[in-house]
Amino acid sequence: MVINKREKNNIVIFDIEGEIRRSDITDVTLHQLVKEQLEVGKKQILLNFDKVDFIDSFGVGEILASYISTHNLGGKLKLARISKKLYLIFQVTMLTKVLEIHDEEDAALQSFFKE
Amino acid sequence: MAERRLHKVLSAVVKIKPGEEVLAVLIFFYFFLITAPFGIVKSLRDANFLEDLKAENLPYAYLSAILIAVAVSFHAKLQTRFSRRSLLMSTLVFFILTDLVFWALFSRPHWDWLALIYWMWANLFVVALTTQFWFLVNDVFNPREAKRLIGFFGSGGILGGVAGNLLPGFLAKPETSHRLLLVSAAFLGLCLVVVGLTFAWLRKNEDRYAAAPKREPKPGGKESRHVGLGDSFRSVASDSYLRLMAWIVLVTGIVSTFIDWQSKSLIQSDPVAQQNYASFFGRFNAGILVFAFLFQLVMTSRFINRFGIRTGLLIYPVIILLCSVGIGVFPLLGFAIAIKGSDKALSYSINQSSRELLYIPVLPALKYRAKVFIDMFLNRFSKAVGGVILLGLIYLIQRPPFTAMGLSPLVWVSFVSGAFVLIWILLNLRISRAYVREVKTQLAKKWERADEVVAGTMDVDAAKLVVDAIESRTESATLFALHLYELERQNKLTPEIRGLLALKPLGGSSPGTRPLFEYDASPWVSDFEESGVPAEMDKEIREILALDSYQKVIGDYAGQVIEGKTAHAETRKMELSKAIGLMNGRSAIAERLDDLLADDSSKVFQYAAESAGRFKKKVHVPLLFMKFADPRTCEDARSALERYGATIVGALSDYLEDSGESGLVREQAASLLARVGDQEAADALLDALGRGETALKNVLIDALDRVRSEVPEIAFKDEVVRDRFETEIRNLGPPRTPSDLLPVFKLLGLIYDHEDVFRAYQNLLKGTKDSVAYAIELLDHTVSQDVKDRLFPILEGLGGRGGRGTPP
Chain A
1 MVINKREKNN
11 IVIFDIEGEI
21 RRSDITDVTL
31 HQLVKEQLEV
41 GKKQILLNFD
51 KVDFIDSFGV
61 GEILASYIST
71 HNLGGKLKLA
81 RISKKLYLIF
91 QVTMLTKVLE
101 IHDEEDAALQ
111 SFFKE
Chain B
1 MAERRLHKVL
11 SAVVKIKPGE
21 EVLAVLIFFY
31 FFLITAPFGI
41 VKSLRDANFL
51 EDLKAENLPY
61 AYLSAILIAV
71 AVSFHAKLQT
81 RFSRRSLLMS
91 TLVFFILTDL
101 VFWALFSRPH
111 WDWLALIYWM
121 WANLFVVALT
131 TQFWFLVNDV
141 FNPREAKRLI
151 GFFGSGGILG
161 GVAGNLLPGF
171 LAKPETSHRL
181 LLVSAAFLGL
191 CLVVVGLTFA
201 WLRKNEDRYA
211 AAPKREPKPG
221 GKESRHVGLG
231 DSFRSVASDS
241 YLRLMAWIVL
251 VTGIVSTFID
261 WQSKSLIQSD
271 PVAQQNYASF
281 FGRFNAGILV
291 FAFLFQLVMT
301 SRFINRFGIR
311 TGLLIYPVII
321 LLCSVGIGVF
331 PLLGFAIAIK
341 GSDKALSYSI
351 NQSSRELLYI
361 PVLPALKYRA
371 KVFIDMFLNR
381 FSKAVGGVIL
391 LGLIYLIQRP
401 PFTAMGLSPL
411 VWVSFVSGAF
421 VLIWILLNLR
431 ISRAYVREVK
441 TQLAKKWERA
451 DEVVAGTMDV
461 DAAKLVVDAI
471 ESRTESATLF
481 ALHLYELERQ
491 NKLTPEIRGL
501 LALKPLGGSS
511 PGTRPLFEYD
521 ASPWVSDFEE
531 SGVPAEMDKE
541 IREILALDSY
551 QKVIGDYAGQ
561 VIEGKTAHAE
571 TRKMELSKAI
581 GLMNGRSAIA
591 ERLDDLLADD
601 SSKVFQYAAE
611 SAGRFKKKVH
621 VPLLFMKFAD
631 PRTCEDARSA
641 LERYGATIVG
651 ALSDYLEDSG
661 ESGLVREQAA
671 SLLARVGDQE
681 AADALLDALG
691 RGETALKNVL
701 IDALDRVRSE
711 VPEIAFKDEV
721 VRDRFETEIR
731 NLGPPRTPSD
741 LLPVFKLLGL
751 IYDHEDVFRA
761 YQNLLKGTKD
771 SVAYAIELLD
781 HTVSQDVKDR
791 LFPILEGLGG
801 RGGRGTPP
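Protein chains in written order, with our numbering: chain A, 1 to 115; chain B, 1 to 808.
It is worth saying that the hints were derived from the structure and are not from the lab.
The structure presented is a predicted model; accordingly, all values stated were derived computationally and were not measured.
C-beta: ideal position from N, C-alpha, C; glycine also.
Where hints are given, some of them may not hold.
[Claimed, not checked] A few chain B residues that don't get close to chain A, going by computed Cβ distances all over 10 Å:
| hint | residue |
| --- | --- |
| 1 | Ile544 |
| 2 | Thr694 |
| 3 | Lys697 |
| 4 | Leu742 |
[As the list claims (entries may be wrong)] DEER-style ranges, computed between Cβ atoms:
| hint | chain 1 | residue 1 | chain 2 | residue 2 | range |
| --- | --- | --- | --- | --- | --- |
| 5 | A | Lys76 | B | Gly564 | 23 to 33 Å |
| 6 | A | Glu104 | B | Asp556 | 21 to 31 Å |
| 7 | B | Arg643 | A | Thr26 | 38 to 48 Å |
| 8 | A | Thr26 | B | Ala629 | 55 to 65 Å |
| 9 | A | Thr26 | B | Asp630 | 49 to 59 Å |
| 10 | A | Lys35 | B | Arg542 | 20 to 30 Å |
| 11 | B | Asp556 | A | Asn10 | 26 to 36 Å |
[Said to hold, decoys possible] Which chain A residues stay away from chain B? Per the calculated CB distances, all over 10 Å, these:
| hint | residue |
| --- | --- |
| 12 | Thr26 |
| 13 | Val28 |
| 14 | Thr29 |
| 15 | Gln32 |
| 16 | Lys35 |
| 17 | Lys51 |
| 18 | Val52 |
| 19 | Asp53 |
| 20 | Gly61 |
| 21 | Arg81 |
| 22 | Lys114 |
Excised from the complex, chain A in its bound form (with noise of 0.2 Å):
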C-alpha cells in the first residue's frame, strides 16, 4: 500500500494505492498519517480510493478510527471514489450512515466548502 499526501484548499488529501489489508502493514498507517495532520490542526481530510483494488477489516478499522480521531477534535473525514463492493459492504455495516461518501474527488472537496 502506498499513501500519497497532497493538499487542496487547507483540505488534506490522502492518495491510497494498492491494497490495505492486515498481512500489508506499511511502517507508517493510514491512521497514524490522519493523527499526523489533525496533530498539526489539518481538520479537513479526504481519503482518495480512486487507486485501491481491496480493502480488508484492518483497513476499514483504520478508516473507522481514522474517523473516530477526526470526529472527536471536531474536524472532518470525508471518502471518495470507493469501489462498488467496498460501497456494499457499508451498506450493509450501515457504515454509509456515519462515513461521508462521494463518487468524485471534486464532489467531496466542494463538500467542505459547503458547510
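Starting from the known structure of chain A, arrange chain B on it as the hints suggest.
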C-alpha cells in the same frame, strides 16, 4: 307402516337399518330357495353314487370337477354377454329344465355311470347358483353393510339347506327318492319369482342401490364389467393378495375333498346308512346345517366382530386338523360325522363369511374379475386337484414299502390331510396380515395438515424475506442491501428472485427500462449480480462488525437513532434493527435491541423481532409476548419465538398455565409448544388438556395433533388421552357432520397409528356409503374394543351418501 313392522321384527335378529328391510328379506329368501333344492339334489347325488358306483370310485367324481371348471368358464363367458338379471333368470330356467330331465332318467332303469353325470350336474348347480347369489350381494351392499347383514343372509341359506335336506331325510324311499327332484324344481320356480321381485325392487330404489338393472351396462359393451376366465386368471396372477387368496382356496378345496372321501368311506361301511342312503344323507346334512344355522345366526357376526378375521380364518382349519388326526388314530364313524359336520358347519358360516370379508380391501372392479377365477373356477378345480392327489395317494399306499406298515388307506389319507391343513393354517395367517395392509392401501392418504403442505412445498421464511426485500426497495437503500445480503448468504438469490427484485433492467440496454431501485444503487448492486457474496467478503463484514472502532461509531449512531434524533427515524430504526441481527448478540449495540422491540412502530418491531429470534435471549421473551396483543405485530412475535425452539419450553409452559394471561397469549403459547414438538412440549400440552382447559381445548388438541403428525415417536400418556376422548364423546351430542368428530380423531391419532386414524377420517369426510364403510373397517383394525364400542355407533349413525359407483 308395513316396513316399520318388518323393521321391528328383523331388528330382533339382525342389525338392520331403515330402508334395508325389503331387500334383506328378498335376499334372504333368494338364498333359501337355492339352497333348499341343493339339499335335495346333494342328498340324492351322494346316495346315487354310493349305491351305483361305491366310495372307491369317488376320486373320479372329484376329478370330474375339471369338467365343472370348464362349464364354469363357459358360464363366465355367458356373463360377458348377458346382464346380471338375464343371467340369473336364464340360469334358473336351465336348472329347472335339466332337473326335470334327470327326474325322467332316474324314473326308469338306468346306466350306473348316470350317477357320475348327475354328480357333475349337481355340483354345477351349486357353484353356478351360489356364485351368482354372492355376485348380487356384492353388487347391492357395501362391505360394511354386508358384514352387518351377512349373518342374516347366511342363515337364509342354511335354513334352506336344512329344509331341503329334511325332505329326503323323511320322505326318501330307496326306489322312489328321485321324485324329490320335482320338489327341487318347484323351489327353483319360486326362486325365479323372488329374483324377479328383487330386480324390480332394485329398479325402484336405484338411487340407493346401484345394482338396479336400469343402470347396468349394455351386455358386451365397452363398459361391461363381466370378465372371462382368462382375464380373471391374469388379474389374480398379477396381484399378490389375490394370489394368496387363490392358494387358500386351492388348499381348502383339497382338504375338503379329503374330508369328503374320509367321511363317505366310513358312512358306506355303516349298516344303518346302507339301508337308505338318501334318507341318511338328508338327515345327516340337515343335522349339520341346523348346527351351522344356529352358529351362523348367533355366533358368526359377533365372533368376527369380536375376534376379527384372523381368528375367524383359523378356527375352521384348526378344528378340521383335530378331527383329521382323530380319524387317523381312531377311524370311527363318530369322527367321520364330526369332521364332515365341522367342515360343513364352519365352511358355511365363519369360513364363508371370513372369505367374503377378505374381498373388502380389493377394488370393486378387480374383485369382480378375481371372483370368476377364484370362486367359480378354482373352488371347483381344487376338488379335482384333491381327487388327483387322492388317486395318487391311494395308488401309492397300496404298494411296498407302504403296505408293509399295515395302515389302512383311511389312516394314510387322514395324516396327509392333516399336513395340508397345516399349510392352510399358515396361508391363513399370512392373508390375515395382508388383509390389514390392503385395507390401509385402499384408503390412501389424501390430505395432510395445511401448514405441513405449505411448509413442504415452499420455503416460507425465504418467501417472507423476498417480500420484505421488495418492500424495502422504496424504504431505504440500506435496508434493501441488508435484505439482498441475507438472501445471498442463504443462497436464496436465485435468477428468478433477482428477476423478481428487478435487479437487472428488463431487456438489457433497452432505453425504456431502468432499475426499479429508487436510490439508483445499481452500480454496487451489480456486485451482487456478478459474484454474489463471496465467502471472503462475508468474512470481512463479520470482522468489521466485531471491530471496537465499529462498535464505537455505530454505537453512537444507534443511540441517536433510538433517541429519535435522526431524520426518518422510523426507517433508521428499521435499518438498525435489521443490522443488529448480523452482530454478536453479546455486543453493546445488540443490547439496544430491547428498546427497538418496545418501539411502537410495527415495522421497527418486525426487524427487531427477527434479530431477537436470532439471538434467542430469554430476556426478550416477555417483550415478544407483549406484542401478541397487537394484530400488526402478533405474527412477527410468533415467528421470532418459533426460532427459540426448545430453549423456551419452560417459559411457554408458564404462559400456558397462567390463567391470568389472555386467551390469545395462552393459545400462542400452545401453538409455539407444538412447533417445538419435543417430549417436554408434548407433556406440557397434554398436562394442560388433562387439567380440563375447556376454553383452550380445541387449540390444545390441534397442537398435540401437530406434534404427533410431525414427530411420530413422541409418546402421549394413554390415560389422559382416553379420559379426554371419553369426555369429547360424552359432550358430542348428535354430530351433524363428520367434521364435528375431528377433535375425537385427533385424540385417537395420539395413541393409535396417526396415519390410519386420519385415513379413516378422510373417508368419513368423503361421505359416501363405501367410504364410511372403509373408514370403519380400517378403524376396526386400528383402535381398541372400548374405543370401538363408544365410537362405532356414532360413525354408523352418520350413514353416507350414494352408492357404489358403477354397477356390475
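Right, here's what the structure says about each hint:
no. : hint                            : verdict
1   : Ile544                          : violated, 5 Å
2   : Thr694                          : holds, 50 Å
3   : Lys697                          : holds, 48 Å
4   : Leu742                          : holds, 48 Å
5   : A:Lys76 / B:Gly564: 23 to 33 Å  : holds, 25 Å
6   : A:Glu104 / B:Asp556: 21 to 31 Å : holds, 28 Å
7   : B:Arg643 / A:Thr26: 38 to 48 Å  : holds, 45 Å
8   : A:Thr26 / B:Ala629: 55 to 65 Å  : holds, 58 Å
9   : A:Thr26 / B:Asp630: 49 to 59 Å  : holds, 55 Å
10  : A:Lys35 / B:Arg542: 20 to 30 Å  : holds, 27 Å
11  : B:Asp556 / A:Asn10: 26 to 36 Å  : holds, 27 Å
12  : Thr26                           : holds, 19 Å
13  : Val28                           : holds, 18 Å
14  : Thr29                           : holds, 13 Å
15  : Gln32                           : holds, 15 Å
16  : Lys35                           : holds, 14 Å
17  : Lys51                           : holds, 18 Å
18  : Val52                           : holds, 14 Å
19  : Asp53                           : holds, 13 Å
20  : Gly61                           : violated, 5 Å
21  : Arg81                           : holds, 12 Å
22  : Lys114                          : holds, 18 Å
Of the numbered hints listed earlier, those contradicted by the structure are 1 and 20.
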